[in-house]
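**Q** Just need the whole structure built from these sequences, with the hints factored in.
Number of protein chains: 6
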Amino acid sequence: MKRVLLTGAGGNLGRALRKTLAGWADEIRLSDIAPIDDLNEGETFVQCDLGDYEAVMSLVEGCDGIIHLGGISVENTFDSILNGNIKGAYNVYEACRRHRAGRVLFASSNHVIGYHERETCLDADSAMRPDSLYGVSKGFGELLARYYWDKFGVESALVRIGSCFDKPANRRMLSTWMSVDDFTDLIKRVFAADRLGCPVVYGVSDNPTKWWDNTKVSYLGWNPKDSSAVFENEPHILEEVVDPNDPAVRYQGGGFAAAGHFED
Amino acid sequence: MKRVLLTGAGGNLGRALRKTLAGWADEIRLSDIAPIDDLNEGETFVQCDLGDYEAVMSLVEGCDGIIHLGGISVENTFDSILNGNIKGAYNVYEACRRHRAGRVLFASSNHVIGYHERETCLDADSAMRPDSLYGVSKGFGELLARYYWDKFGVESALVRIGSCFDKPANRRMLSTWMSVDDFTDLIKRVFAADRLGCPVVYGVSDNPTKWWDNTKVSYLGWNPKDSSAVFENEPHILEEVVDPNDPAVRYQGGGFAAAGHFED
Amino acid sequence: MKRVLLTGAGGNLGRALRKTLAGWADEIRLSDIAPIDDLNEGETFVQCDLGDYEAVMSLVEGCDGIIHLGGISVENTFDSILNGNIKGAYNVYEACRRHRAGRVLFASSNHVIGYHERETCLDADSAMRPDSLYGVSKGFGELLARYYWDKFGVESALVRIGSCFDKPANRRMLSTWMSVDDFTDLIKRVFAADRLGCPVVYGVSDNPTKWWDNTKVSYLGWNPKDSSAVFENEPHILEEVVDPNDPAVRYQGGGFAAAGHFED
Amino acid sequence: MKRVLLTGAGGNLGRALRKTLAGWADEIRLSDIAPIDDLNEGETFVQCDLGDYEAVMSLVEGCDGIIHLGGISVENTFDSILNGNIKGAYNVYEACRRHRAGRVLFASSNHVIGYHERETCLDADSAMRPDSLYGVSKGFGELLARYYWDKFGVESALVRIGSCFDKPANRRMLSTWMSVDDFTDLIKRVFAADRLGCPVVYGVSDNPTKWWDNTKVSYLGWNPKDSSAVFENEPHILEEVVDPNDPAVRYQGGGFAAAGHFED
Amino acid sequence: MKRVLLTGAGGNLGRALRKTLAGWADEIRLSDIAPIDDLNEGETFVQCDLGDYEAVMSLVEGCDGIIHLGGISVENTFDSILNGNIKGAYNVYEACRRHRAGRVLFASSNHVIGYHERETCLDADSAMRPDSLYGVSKGFGELLARYYWDKFGVESALVRIGSCFDKPANRRMLSTWMSVDDFTDLIKRVFAADRLGCPVVYGVSDNPTKWWDNTKVSYLGWNPKDSSAVFENEPHILEEVVDPNDPAVRYQGGGFAAAGHFED
Amino acid sequence: MKRVLLTGAGGNLGRALRKTLAGWADEIRLSDIAPIDDLNEGETFVQCDLGDYEAVMSLVEGCDGIIHLGGISVENTFDSILNGNIKGAYNVYEACRRHRAGRVLFASSNHVIGYHERETCLDADSAMRPDSLYGVSKGFGELLARYYWDKFGVESALVRIGSCFDKPANRRMLSTWMSVDDFTDLIKRVFAADRLGCPVVYGVSDNPTKWWDNTKVSYLGWNPKDSSAVFENEPHILEEVVDPNDPAVRYQGGGFAAAGHFED
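Protein chains in written order, with this note's numbering: chain A, 55 to 318; chain B, 55 to 318; chain C, 55 to 318; chain D, 55 to 318; chain E, 55 to 318; chain F, 55 to 318.
FYI, nobody ran anything at the bench for these hints, they're computed from the structure. Wrong hints could be hidden among the right ones.
Because identical chains share one entry, a pair is satisfied inside a single copy or across any pair of copies.
Straight-line Cα separation of at most 27 angstroms, DSSO-like style, residue types lysine-lysine; simulated pairs [unchecked claim]: (1) LYS279 / LYS242; (2) LYS242 / LYS221; (3) LYS279 / LYS221; (4) LYS73 / LYS221; (5) LYS242 / LYS56.
Computed from a prediction, not measured in an experiment: that's the story for all the values here.
**A** Now the structure itself:
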């Protein structure tokens with residue numbers, strides 16, 4: 055890769071990937087709505103509101119790959135989501151089309167399918183059932199990506215990220231956790247694949263308990279190495295008390311599904 | 055029905071339904087972005103930009119059913135679609151939640167699935183493959199409706215309208231045509247059903263050639279009566295020359311799938 | 055047919071079929087736990103508790119077809135269901151095996167699948183989800199029939215009867231109603247088929263609203279003629295008020311699904 | 055249609071179609087391995103062994119549609135089948151490719167799927183399970199057609215003909231019968247379709263008993279009008295005695311499935 | 055776990071589990087129809103005929119988990135099966151409902167699906183095709199469990215046990231064998247799961263040859279460790295001669311499927 | 055195994071298997087159209103044109119297992135394919151029937167499904183979409199094998215071989231490569247299975263990138279051990295430049311799908 059754009063580079067996940075992707079591309083162009091001033095060698099930075107059409111056009115130009123983490127990453131007001139995730143996704147894809155910017159790894163979310171029950175094993179063809187406005191906006195992004203693929207040939211991996219943190223913060227994440235290393239390996243696979251198309255990939259490590267089956271995208275060659283098993287006996291996991299009838303336990307989206315309408 | 059809201063009442067389809075639905079509800083509250091001044095008995099009118107949150111809250115309050123045709127109905131700029139179809143859909147559903155406004159018939163579109171090939175028989179579970187930004191926005195509306203159903207219990211019929219005109223304008227519409235009478239009957243069925251849930255319904259008459267199978271929503275009891283067969287021998291149909299390899303013929307979305315990026 | 059056994063002949067459905075099947079077979083052997091004394095020409099009667107093994111062996115001997123309606127037909131205590139529907143079904147099938155008594159039409163019930171939601175279109179392969187101990191017992195009968203088919207070659211039609219009455223008693227039955235004439239036609243088709251096997255058939259007329267799809271058993275040639283449409287405007291139908299969130303409306307089993315544990 | 059080639063024009067089905075297709079095309083070019091000398095207006099004749107490559111190249115040149123009935127139509131020696139059905143099919147498709155001869159209606163056969171049991175409802179995606187060398191050769195033809203479609207864009211309708219005779223000759227044909235009129239209508243639909251692709255169509259009338267479901271090819275608009283119901287009470291039907299365990303009754307291929315290896 | 059009930063504790067499998075589950079719960083309450091007098095620390099014993107309603111009510115009271123192995127475990131007379139497996143299952147589930155006794159691990163059996171052929175890969179949604187009255191009774195238990203889940207929220211794991219012995223006794227068991235250790239791990243997973251629902255689980259180790267696919271219940275996190283591979287070269291395995299056309303080899307149920315009607 | 059026939063023994067794959075199968079059977083009868091004169095102990099040789107009926111009858115007689123690699127193994131003229139693969143397959147299967155020669159391992163090919171896109175995960179039930187006349191002929195062989203199984207009980211494994219070479223020759227083969235050792239193990243499994251039936255098996259090692267899912271034939275117990283991962287960094291792999299829109303990259307058949315009509 056020559057120049058890869060990493061949007062949302064200032065967030066937790068963005069910061070983690072800056073480390074693991076160091077040296078992978080000649081240049082990693084970081085963007086975020088907030089300033090980033092601790093640039094490493096091989097990194098450049100462009101401050102950018104993804105809802106700003108012209109700014110995004112400039113941001114994307116000259117890139118040959120995009121890791122699109124940017125936008126709002128949890129439930130929020132519709133206005134915030136509209137700007138960051140709806141306008142933002144459109145601006146990024148439209149810029150890819152105009153500037154022939156190569157592949158996109160779109161950071162979608164498990165909250166696109168959060169209203170399926172835990173006992174339901176999902177795969178790439180499972181129906182979208184978002185659990186939040188945030189989840190709806192990620193579903194919008196997936197549809198948009200599919201449209202840019204079908205009409206304009208822009209390839210995208212639609213990665214429905216589970217929970218990409220250092221470790222599972224609660225019992226639910228024993229099933230949804232993806233290590234940063236596994237995600238890094240997925241990113242490299244996506245950009246190295248001879249042909250990508252527009253697959254749905256569940257972003258999850260090789261945990262003991264699984265809700266999602268990636269068999270249909272075996273052509274990508276992504277075989278996660280990490281497992282949440284090493285965290286099963288941590289105190290905060292052992293001590294958590296769960297009720298199987300709690301909507302946060304019943305539905306895959308967890309607390310997002312259990313929550314009511316977002317109030318500022 | 056006591057008071058039903060009909061959005062987009064000033065459009066072609068809205069005008070047609072005003073005739074066929076006359077007398078069906080105690081009051082039909084019409085709305086449109088443009089003025090309507092030829093009100094009939096039982097009709098009231100509220101001029102409203104669907105992208106205006108507060109205006110939509112007022113518009114929906116007091117209604118016990120919504121036929122949501124409003125917004126942009128063909129491909130357009132993203133900004134237009136964003137206001138009319140993205141913000142508009144959110145405002146309508148959020149108003150339904152806040153005002154417990156009863157069921158929604160959401161006018162979705164065949165352009166949500168327009169990139170499937172004609173030889174593919176679709177049903178309610180077929181993947182969304184939008185053929186336009188317009189189609190993407192209708193897919194957004196369907197996801198939003200599903201979310202409001204799963205979380206808040208708002209019932210919606212997601213009607214993927216084929217071509218609802220007086221008669222098929224071209225050969226493609228021999229397969230996609232829905233008569234206004236059949237649509238009217240569907241509307242009545244949707245609001246009369248003992249339980250609606252959130253079904254996907256293909257809005258199409260009983261034409262000789264069919265791309266879509268409504269078997270999965272047989273519980274609604276909608277059995278279209280009209281057929282495009284009566285138009286098969288009209289001159290504009292007989293004289294149209296088609297190429298099976300033309301994208302407009304290959305894909306279900308027709309010209310929407312064949313078009314490039316919308317330019318003002 | 056030479057001699058057909060009709061169990062449960064004293065019940066409402068049995069009485070109705072005695073009329074419509076008159077003359078169809080050389081002899082119709084009626085049985086019931088209670089006496090029947092109004093025999094018509096071509097009918098004989100054997101009083102029989104279906105839970106009595108030896109009595110059922112005698113009852114079935116010499117028959118070349120069995121319409122098995124007998125047993126308990128609504129929710130009841132487990133002891134009653136055990137005797138009439140569990141022991142009863144076993145005794146009937148074991149008698150068929152021992153006496154090579156020909157085909158069986160087993161009166162199963164929609165309550166075998168009563169916990170599916172109304173919006174779910176079922177077919178012969180849908181999972182059993184009984185809504186009552188009665189439904190569980192009918193599921194047992196279906197499994198038993200399948201076993202006697204796989205191991206001993208006893209052919210059975212497993213007819214999941216909806217609501218076989220003169221007319222729909224409530225709004226739910228607009229979807230589940232089967233006319234006695236349609237059921238009679240089904241019975242004749244089942245015994246006339248060149249090969250029956252062991253199919254699941256939903257016993258329902260050609261109603262406007264449908265929950266069940268019999269396409270997979272089209273080889274039987276059963277095409278119901280009647281429809282509940284003629285009852286849609288009867289006062290008891292028009293006046294019934296339903297709540298879509300009532301379990302009796304949500305689930306296909308209606309009141310059976312909504313009821314708690316049966317108490318004497 | 056300007057010039058349509060009808061191979062196998064001397065067979066029973068060919069002779070029947072010559073009548074019903076009269077006047078449909080400017081010219082119908084007949085071919086057969088045996089002479090035909092009763093030509094009607096609009097008909098021409100070319101005697102041709104379909105196994106003869108050069109002869110078939112000449113035969114096909116200048117045609118804009120092909121109804122390919124020719125070859126062996128029942129079980130026979132492998133050598134006969136090899137010449138008529140394997141070489142024959144190759145020669146016809148290769149000629150279409152070389153001469154850009156337009157669409158092909160390939161007369162496939164129910165014997166391609168003859169080892170499915172009668173209780174199994176098939177559709178266009180059901181696995182091929184041939185019941186004879188003849189059936190295997192028709193499966194070869196379907197694969198070849200699919201190959202010419204995928205690689206060279208030659209459109210074909212793969213019509214798995216049931217039993218196309220004046221009337222059903224036995225009880226099995228009550229389920230497999232296709233009237234000549236219905237077949238004629240199918241032929242016209244196939245050549246008139248705006249886009250054909252390469253569909254599998256079961257060639258069967260609207261009989262009361264059905265083994266095959268054409269829902270997936272509803273886009274063709276073929277809705278058979280005739281039914282074997284009118285023959286159900288003919289003496290040869292009523293008097294036929296069948297055993298449900300006879301392989302000829304158990305399997306859809308009937309006598310073809312029940313027969314052993316073909317002996318001269 | 056505080057107090058877990060283990061029914062059928064006197065059988066081979068029960069005895070094995072007493073060892074591997076020692077110390078897992080504060081108390082393991084054993085029950086059997088025959089006396090058990092070698093109690094270990096943490097074990098209590100209640101002699102009980104599972105067909106005795108009142109006895110089972112007492113047995114279950116105070117337990118917060120049930121491992122239900124009890125009843126008849128091979129083919130037998132219907133009367134025996136009726137008492138142990140039909141009445142027994144009802145009594146246990148009804149006791150769970152009345153006493154809110156927590157989760158149930160129901161020892162179902164591969165004989166529920168024993169009439170599928172070996173070449174058919176089954177999963178949790180495969181149709182039940184019992185191979186014996188015993189298999190039918192286990193199917194009844196599964197339906198009953200589903201009913202108690204759908205109506206009363208009683209969670210159950212329906213474990214279709216293959217062959218849980220020290221080692222495979224014959225070649226068939228190379229595919230069906232489950233080690234006691236793997237079963238023990240499954241039991242612990244079932245009771246530790248944050249949410250169980252009512253899944254079907256195939257009880258089988260990680261053998262080289264597999265007939266059953268547990269992918270759909272990956273949410274349980276059960277990953278068997280043992281394999282029958284270590285027994286492949288034992289003399290009784292190497293020396294066994296099998297005929298692929300023997301019903302005991304053709305069908306998954308083995309000898310159960312091949313046997314005729316059980317005779318005392 | 056006493057005497058196993060290996061057809062096509064003179065080809066690359068045949069030569070490789072002669073080494074790995076040495077000592078497996080009492081006798082390995084080699085055949086090829088060209089002479090083989092370096093026979094090892096336990097090997098015999100019969101020169102044979104597979105298109106010669108009588109020669110094949112003699113060749114097969116006395117064998118109790120057949121590994122059928124013979125015929126044409128890449129695209130060629132139809133005449134060549136007709137003789138080697140069409141006549142050849144018929145002759146082999148007919149000889150098996152006549153001489154009750156035991157099981158067949160039929161070397162089918164990935165080119166039977168070569169027109170599926172790479173992003174499509176296939177299994178044993180995926181539709182055949184051949185990418186060449188060669189692929190069509192292998193599909194013919196599969197249909198023939200299925201016919202001989204359904205009618206005459208001849209068991210066959212239909213192995214859709216990916217790329218069985220020492221190492222992957224190009225990037226595509228990273229996904230399609232099967233090591234000779236893995237193939238050897240598959241061969242032994244096929245002939246050792248207690249029951250084989252007529253399964254479709256994808257012949258591919260445990261490569262990182264996978265297009266084919268063999269879960270449905272897990273009953274065979276074949277678990278490939280090798281992986282193309284060890285070749286990922288070889289220069290010819292690293293240096294190959296691919297275009298995702300090249301038909302040879304888009305379709306699973308690679309160059310076979312991309313090629314035009316074969317010209318001598």
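**Q** Can you give the numbers of the hints that this structure goes against, from lowest to highest?
**A** The structure breaks none of the hints.
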